[in-house]
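Asks: Let chain A serve as the given structure and place chain B on it in line with the hints.
Okay, here's what each chain looks like letter by letter:
Number of protein chains: 2
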Amino acid sequence: MELKQSKKVISADDQQERLKIESWIVGFTDGEGCFSVSILKNNTAKSGWQVFPEFVITQGAKSLPALEIFKKYFKCGKIFVNKRYDNHKENLYRYCVRSICELEKSIIPFFKRNKLKTYKKNDFDIFSKIIDSMSNRKHLTEKGFVKIAQLIETMNRKKKSRFLESSETKRQTK
Amino acid sequence: MELKQSKKVISADDQQERLKIESWIVGFTDGEGCFSVSILKNNTAKSGWQVFPEFVITQGAKSLPALEIFKKYFKCGKIFVNKRYDNHKENLYRYCVRSICELEKSIIPFFKRNKLKTYKKNDFDIFSKIIDSMSNRKHLTEKGFVKIAQLIETMNRKKKSRFLESSETKRQTK
Numbered sequence: 003m004e005l006k007q008s009k010k011v012i013s014a015d016d017q018q019e020r021l022k023i024e025s026w027i028v029g030f031t032d033g034e035g036c037f038s039v040s041i042l043k044n045n046t047a048k049s050g051w052q053v054f055p056e057f058v059i060t061q062g063a064k065s066l067p068a069l070e071i072f073k074k075y076f077k078c079g080k081i082f083v084n085k086r087y088d089n090h091k092e093n094l095y096r097y098c099v100r101s102i103c104e105l106e107k108s109i110i111p112f113f114k115r116n117k118l119k120t121y122k123k124n125d126f127d128i129f130s131k132i133i134d135s136m137s138n139r140k141h142l143t144e145k146g147f148v149k150i151a152q153l154i155e156t157m158n159r160k161k162k163s164r165f166l167e168s169s170e171t172k173r174q175t176k
Numbered sequence: 003m004e005l006k007q008s009k010k011v012i013s014a015d016d017q018q019e020r021l022k023i024e025s026w027i028v029g030f031t032d033g034e035g036c037f038s039v040s041i042l043k044n045n046t047a048k049s050g051w052q053v054f055p056e057f058v059i060t061q062g063a064k065s066l067p068a069l070e071i072f073k074k075y076f077k078c079g080k081i082f083v084n085k086r087y088d089n090h091k092e093n094l095y096r097y098c099v100r101s102i103c104e105l106e107k108s109i110i111p112f113f114k115r116n117k118l119k120t121y122k123k124n125d126f127d128i129f130s131k132i133i134d135s136m137s138n139r140k141h142l143t144e145k146g147f148v149k150i151a152q153l154i155e156t157m158n159r160k161k162k163s164r165f166l167e168s169s170e171t172k173r174q175t176k
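These protein sequence lines are chains A and B, in that order. If you use my numbering, the first sequence corresponds to residues 3 to 176, in order. If you use my numbering, the second sequence corresponds to residues 3 to 176, in order.
Chain A extracted, bound-state conformation (with noise of 0.2 angstroms):
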């Protein structure tokens, strides 16, 4: 009898646990995180042209343990350095989910389930979409890429897409 609800106030605490590690990842990801998706040139592609969604977090090393709490929390992605020969004392690390499987059946359900708080969301909301639409393989078509690169304008990113400013594209799209 003792022993069943010794577990039962174990399980409460990893539950507790649980929400608090869930909650930090969506207010650390709200601050650090960026749902991006890029389209290269590729001549590899049939196109020319490639979609590259990624999620990804950056930080010093010093803060590299912050960046392994997401790969052992979403058991999936991968940690990369990005040595550095300036004037900063360190190198930086970038935890990455390039897959679209992985984004499909971890990031994407988990903040769909918790919600970003910050303007982020609406990034989300896209970046959601795009890999949505790339599991559907509507990237493989011409309309449906052209679309891909018209959500991605609407994110919260700088440069004009080169793909869509393209003469080819601007071409195609007339």
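These aren't lab readings, by the way, just hints derived from the structure by calculation. Some hints could be false.
No distinction is drawn between identical chains; accordingly, a pair holds when it is met within one copy or between any pair of copies.
Simulated pairs of lysine-lysine, DSS-like, Cα-Cα distance not exceeding 30 angstroms [claimed, not checked]: (1) 131 to 91; (2) 117 to 149; (3) 91 to 149; (4) 117 to 48; (5) 64 to 48; (6) 80 to 22; (7) 85 to 149; (8) 149 to 48; (9) 149 to 43; (10) 123 to 91; (11) 73 to 117; (12) 149 to 64; (13) 114 to 140; (14) 73 to 48; (15) 48 to 85; (16) 123 to 74; (17) 117 to 22; (18) 43 to 74; (19) 73 to 119; (20) 123 to 140; (21) 43 to 119; (22) 131 to 64; (23) 48 to 91; (24) 145 to 22; (25) 91 to 140; (26) 74 to 131.
Replies: Below, chain B without anything else, positioned relative to chain A:
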């Protein structure tokens, strides 16, 4: 009997909601928060210098609701607008807590109970020491003031201290 049960459920939900907000605040602070202490020239101060501690979170206008969560939770601090006339599309907002009393009563106990997970914890620990020292009015003595300036130097900041670099301070601390 039923009423009591319903009360219990609401209270557990409230507790869970509180836990979520608190962990989100820790995560967002790990990402975007800043515990800063500056020493500024002030001719009205006896020593000619003034210690200026500040807990700050900065966000673009579109994410103002995230700052309001902080203000509502901590029941202190102010939100200021930094009007921008450059090529950015939106004004910046800053949630700031500057009062020693409010920092000591609200901000510091919160982050002592809810530990930061990035290297920002190091800045917080030093910040907390400085506030403790100021609360004990040690910054009003020359020795105490220099000790604070030296603590600031161990924080994650870029610029050299104007106070410690001043010829007068160098002469006095020789």
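Asks: So which hints don't hold here, by number, going up?
Replies: 4, 5, 7, 14, 15, 18, 21, 23, 24 and 25
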